[in-house]
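Chemist: Using the sequences provided together with the hints, build the complete structure.
Here the protein sequences come in this chain order: A and B. The first sequence begins at 1 in the working numbering and counts up one residue at a time. The second sequence begins at 1 in the working numbering and counts up one residue at a time.
There's no promise every hint is true.
A few chain B residues facing chain A, derived, Cβ under 10 angstroms [as the list claims (entries may be wrong)]:
{"hint": "1", "residue": "V56"}
{"hint": "2", "residue": "I157"}
{"hint": "3", "residue": "P161"}
{"hint": "4", "residue": "L162"}
{"hint": "5", "residue": "S166"}
{"hint": "6", "residue": "L168"}
{"hint": "7", "residue": "M308"}
{"hint": "8", "residue": "L344"}
Calculated from the structure, these hints are not laboratory results. Computed from a prediction, not measured in an experiment: that's the story for all the values here. Don't be surprised by glycine CBs; every beta carbon is placed ideally from N, CA and C.
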Amino acid sequence: MNRWIVYLLAIIVIVFLATAPVWAAEFTITLLNYIGIYALVVLGLVLLTGVGGLTSFGQAAFVGIGAYATAWLTTAYGASPWLGLLFALAVTGAVAALLGAVTLRLGGHYLPLGTIAWGLSIYFLFGNIDALGGHNGLTDVPPITIGPISLERTAAIYYLIWIMLALAMLVVANLLESREGRAIRSLRGGAVMVESLGINVFRVRLITFVIAALLAAISGWLYAHMSRVVSPSPFDVHMGIEYLFMAILGGSGQILGAVVGSALLTMLTNALQDILPNFSSNGEQLQAIVFAVLYVLALQFARGGVMPLVLRFLPRRAKQPIAASSEPLPRRQMPTSGTPLLVVDRLIKRFGGLEAVSQVGFQVAAGEIVGLIGPNGAGKSTIFNLITGAMPSDGGTVSFLGQDITRSNQRRIARAGIARTFQHVKLRSSMSLLDNVLLGAYLRTRAGFLGGALRLDRAEEARARREALRQLERVGLGANPYDLAGNLPLGRQRILEVARALAADPALIILDEPAAGLSRPDKQALGELLRALRSEGVTVLLVEHDVEFVMGLVDRIVVMDFGSKLVEGTPATVRADPRVQEAYLGSVA
Amino acid sequence: MALLELNCDTEALGARRMTPDIAVILGIDGIATGSIYVLVGLGLVLIFSVTRVVFVPFGDIVAFSALTLAAMQLNRMPGTVYLIATLAVLACLVDAGHHVRRGQYDRIARGLLGYGVLPLIPAAIAWLTAGVSLPAAVQIPLAIALVVPIGPLLERIALRPLADASVLLLLIVSVALTFGLSGLGLLFFGAEGFRTKPLTSEIYRFGTVIVTSQTLLMVASAAVFSLLLFLFFERTFLGKALRATSINRTGARIIGIRPANTATLAFFLASLLAAISGILISPVTTLYYDSGFLIGLKAFVGAIIGGMMSYPGTAIGALAVGLLESFASFWNSSLKEVIVFGALIPVLLWRSLSLTQVDEEDEEVQG
Numbered sequence: 001m002n003r004w005i006v007y008l009l010a011i012i013v014i015v016f017l018a019t020a021p022v023w024a025a026e027f028t029i030t031l032l033n034y035i036g037i038y039a040l041v042v043l044g045l046v047l048l049t050g051v052g053g054l055t056s057f058g059q060a061a062f063v064g065i066g067a068y069a070t071a072w073l074t075t076a077y078g079a080s081p082w083l084g085l086l087f088a089l090a091v092t093g094a095v096a097a098l099l100g101a102v103t104l105r106l107g108g109h110y111l112p113l114g115t116i117a118w119g120l121s122i123y124f125l126f127g128n129i130d131a132l133g134g135h136n137g138l139t140d141v142p143p144i145t146i147g148p149i150s151l152e153r154t155a156a157i158y159y160l161i162w163i164m165l166a167l168a169m170l171v172v173a174n175l176l177e178s179r180e181g182r183a184i185r186s187l188r189g190g191a192v193m194v195e196s197l198g199i200n201v202f203r204v205r206l207i208t209f210v211i212a213a214l215l216a217a218i219s220g221w222l223y224a225h226m227s228r229v230v231s232p233s234p235f236d237v238h239m240g241i242e243y244l245f246m247a248i249l250g251g252s253g254q255i256l257g258a259v260v261g262s263a264l265l266t267m268l269t270n271a272l273q274d275i276l277p278n279f280s281s282n283g284e285q286l287q288a289i290v291f292a293v294l295y296v297l298a299l300q301f302a303r304g305g306v307m308p309l310v311l312r313f314l315p316r317r318a319k320q321p322i323a324a325s326s327e328p329l330p331r332r333q334m335p336t337s338g339t340p341l342l343v344v345d346r347l348i349k350r351f352g353g354l355e356a357v358s359q360v361g362f363q364v365a366a367g368e369i370v371g372l373i374g375p376n377g378a379g380k381s382t383i384f385n386l387i388t389g390a391m392p393s394d395g396g397t398v399s400f401l402g403q404d405i406t407r408s409n410q411r412r413i414a415r416a417g418i419a420r421t422f423q424h425v426k427l428r429s430s431m432s433l434l435d436n437v438l439l440g441a442y443l444r445t446r447a448g449f450l451g452g453a454l455r456l457d458r459a460e461e462a463r464a465r466r467e468a469l470r471q472l473e474r475v476g477l478g479a480n481p482y483d484l485a486g487n488l489p490l491g492r493q494r495i496l497e498v499a500r501a502l503a504a505d506p507a508l509i510i511l512d513e514p515a516a517g518l519s520r521p522d523k524q525a526l527g528e529l530l531r532a533l534r535s536e537g538v539t540v541l542l543v544e545h546d547v548e549f550v551m552g553l554v555d556r557i558v559v560m561d562f563g564s565k566l567v568e569g570t571p572a573t574v575r576a577d578p579r580v581q582e583a584y585l586g587s588v589a
Numbered sequence: 001m002a003l004l005e006l007n008c009d010t011e012a013l014g015a016r017r018m019t020p021d022i023a024v025i026l027g028i029d030g031i032a033t034g035s036i037y038v039l040v041g042l043g044l045v046l047i048f049s050v051t052r053v054v055f056v057p058f059g060d061i062v063a064f065s066a067l068t069l070a071a072m073q074l075n076r077m078p079g080t081v082y083l084i085a086t087l088a089v090l091a092c093l094v095d096a097g098h099h100v101r102r103g104q105y106d107r108i109a110r111g112l113l114g115y116g117v118l119p120l121i122p123a124a125i126a127w128l129t130a131g132v133s134l135p136a137a138v139q140i141p142l143a144i145a146l147v148v149p150i151g152p153l154l155e156r157i158a159l160r161p162l163a164d165a166s167v168l169l170l171l172i173v174s175v176a177l178t179f180g181l182s183g184l185g186l187l188f189f190g191a192e193g194f195r196t197k198p199l200t201s202e203i204y205r206f207g208t209v210i211v212t213s214q215t216l217l218m219v220a221s222a223a224v225f226s227l228l229l230f231l232f233f234e235r236t237f238l239g240k241a242l243r244a245t246s247i248n249r250t251g252a253r254i255i256g257i258r259p260a261n262t263a264t265l266a267f268f269l270a271s272l273l274a275a276i277s278g279i280l281i282s283p284v285t286t287l288y289y290d291s292g293f294l295i296g297l298k299a300f301v302g303a304i305i306g307g308m309m310s311y312p313g314t315a316i317g318a319l320a321v322g323l324l325e326s327f328a329s330f331w332n333s334s335l336k337e338v339i340v341f342g343a344l345i346p347v348l349l350w351r352s353l354s355l356t357q358v359d360e361e362d363e364e365v366q367g
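Modeler: In structure tokens:
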């Protein structure tokens, strides 16, 4: 579709929304108010579930906390509703941080189950606290005022709701295009890779969770001052389930999906309330059945929701050009060539009764390329995982630049200057090549959540993008930086991982089978790249099965077999060693 | 939830202060309630470990079983007949659709037999005997047989099409199912609450402590069925197949165990546990069409204490939930739900602190 038609449509929608109170019936405005209020909550879920892969059935409880907080402060103390907003945000944020701190370390199903449980208990709590009016709730909540204007009328608060929603959507959109936003987008699909880049998965999850709760609190604040009454029932766990349904219906991961999902479900509810009483006296129950059926059907046949259908008709977003003029990111001081960089001493790893790595020790000096070779199952990748902190060791020590890193976690090791790739490629296939490489530069940039949301990070972001593009060009993937990583052939995906590791500006780069699946010219190019890195002072440690590739490239080789070190030396000595020949080819005798 | 009346008696006596006698009464009450949660919790863990589905609607099966028996005792036709008929038609449609899409027309008949005819046999008997007052020894097995197909039918309708989806997606679907099931419950059972006739009504006195035979029956049933479940897993081929599937689905498939079959079996067994729980709990608690949600969630709290994978852990956790609920309702009966669910927070904290390594690719979510 033509771009101008889309702009025209957008303008029509905005004019429609802006003038609605003039020509639409009061009932329509009320409906639009609810859509806006729900969309704020769903926006939080889009961020949390659609983008971050975490699920909450308890958002309705956060709406409730926000609504009760402001209702209590404004009725019991006659405070201004604007003070009520701050109070609602503070209370909801604190509760969410506490609940998140408890549940977000746990995998998969614990969080959603926990959210059902607290959704239920907060609902019962509201109904049993006398100061909050018990099951009758709080009445006579004052309307919001802006200076002398009171937003008591439906049409007046309508504007506030939709302006708040538009601002929230803008902030979330900004956030997702920033450094921490990329971290949120990387949460789906395993924590090991994300942690290896120095990103604190728990912290990113927790802050995302709190942001979603704060959006729910704003929604609760608007609800309390719009309906002027707050009672427990709109915040029970059923509503929490409906919010999640709206998010799924709208489209996981799409900001506009929040509005689409809440509009669809609100209008559907409205239509069902008109139609169902004609069939049965239990209209509400039939509605629950219809919802459940639609819910299950949506999950079975349209997990992406409505948005992918809408997006098909919209033009692709313009790709931001990358300014070549911006200053490059600062680089680290490389250690002096020849000094001991990595010292592995008597390292041990057991899996049950199997000793996968037994008493392995070797050294890597700064500026070297060292190859680790050995038959399948020799323990090479395990050693990499031990060095980088992806697995705890059962004995021995690893030190890097004279510092003991044996017990350090992945993030500390990444910060110390080690970057890695994985034997089984770990990329975010639905993110662009550029975004994947930008993840690698996470530790070299500083912008936080707030800076990203308010676009205060643009200068640094431009520098990071330039650096990422430079690394992509370096590995030969610079032609289409906005392609999705998942569309690359497997061999190229490995190379993309190399670019991501390089974006971290490491002192030591650890590559697990980087040449696997590459064509001969690509292998040659990779060899050139690694030699160029060596000349820049970057140290390389790699596992590789292509012996020819390794022999022609490396300064020294460590050969492993059955978890132990067999031989260590220059390519020539290793090649001549009978033990190596035996390990690879079997004994001749 | 359960045995609340017993607590009310202690409150009515004005004995608000905790005495050793009251503590013993509350303890017995808690163990009785807890033993129901044990049965429900074991069913939940059984389904979770084999199919990775966190089956939230499980509690609804408990409530429906109680309501079925209550209707029979009142010589009414239980709403379950219509419920099963509805689910059976849906399951047949889904199953036939699946085979038609794959062109396996020869399998349609088998599907109709398994998902259409088989579950409708007890329903037909209940329909034919509606209004006839049957002896309890017939009513109870019939009520159980009526209710048991709910689990396997729901699995076929909503969960099997998603069998390879993430744990998270399966959980969302199962929450949606709870939504729909409680709607169907109101449609077919009505809003009225019911309580069944006591199964036994002996009273034993141990000094000052009074124990009813109903309590003993609940505890003994929990013990017996836990033992049977243990023997099933340890001693039978089918049990071992289920365990194999729960450890490694792909591996189980490779050695010739069909995950679809083990899932049906797991849902069948768990449904049976739920139906029995419903029969046991119904003489002591008034149950409504939507009471199951809370029963199920409390059993979940027990299962989470046990780590969602361990049967003995779940049994201990479920008993702890029963005891906590019993004592909480003595301290403050209106806040007992808050206390029980609030207890989940320290449990989760403890779990999260004792966690050493996050399972990799654990939360691989597809759309």
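Chemist: For each hint, tell me whether it holds in the structure or not.
Modeler: Tested hints:
1. Hint on V56 of chain B holds. Least Cβ distance to chain A is approximately 8 angstroms, under the 10 angstroms limit.
2. Proximity of I157 of chain B to chain A holds as hinted, the smallest CB-CB distance being about 8 angstroms (cut-off 10 angstroms).
3. The beta carbon of P161 of chain B comes within 5 angstroms of a beta carbon in chain A, closer than 10 angstroms, and the hint placing it at the interface holds.
4. The beta carbon of L162 of chain B comes within 6 angstroms of a beta carbon in chain A, closer than 10 angstroms, and the hint placing it at the interface holds.
5. With a cut of 10 angstroms, the hint placing S166 of chain B at the interface with chain A holds, because the nearest CB-to-CB distance is about 8 angstroms.
6. With 10 angstroms as the threshold, the beta carbon of L168 of chain B comes within range of chain A, its nearest partner Cβ sitting at about 5 angstroms, so the hint holds.
7. For M308 of chain B, the suggested interface contact is upheld, since its CB lies about 7 angstroms from the closest CB of chain A, less than 10 angstroms.
8. A cut of 10 angstroms between beta carbons decides the hint on L344 of chain B: the least distance to chain A is about 5 angstroms, and the hint holds.
Violation of the numbered hints given earlier is absent; every hint is satisfied by the structure.
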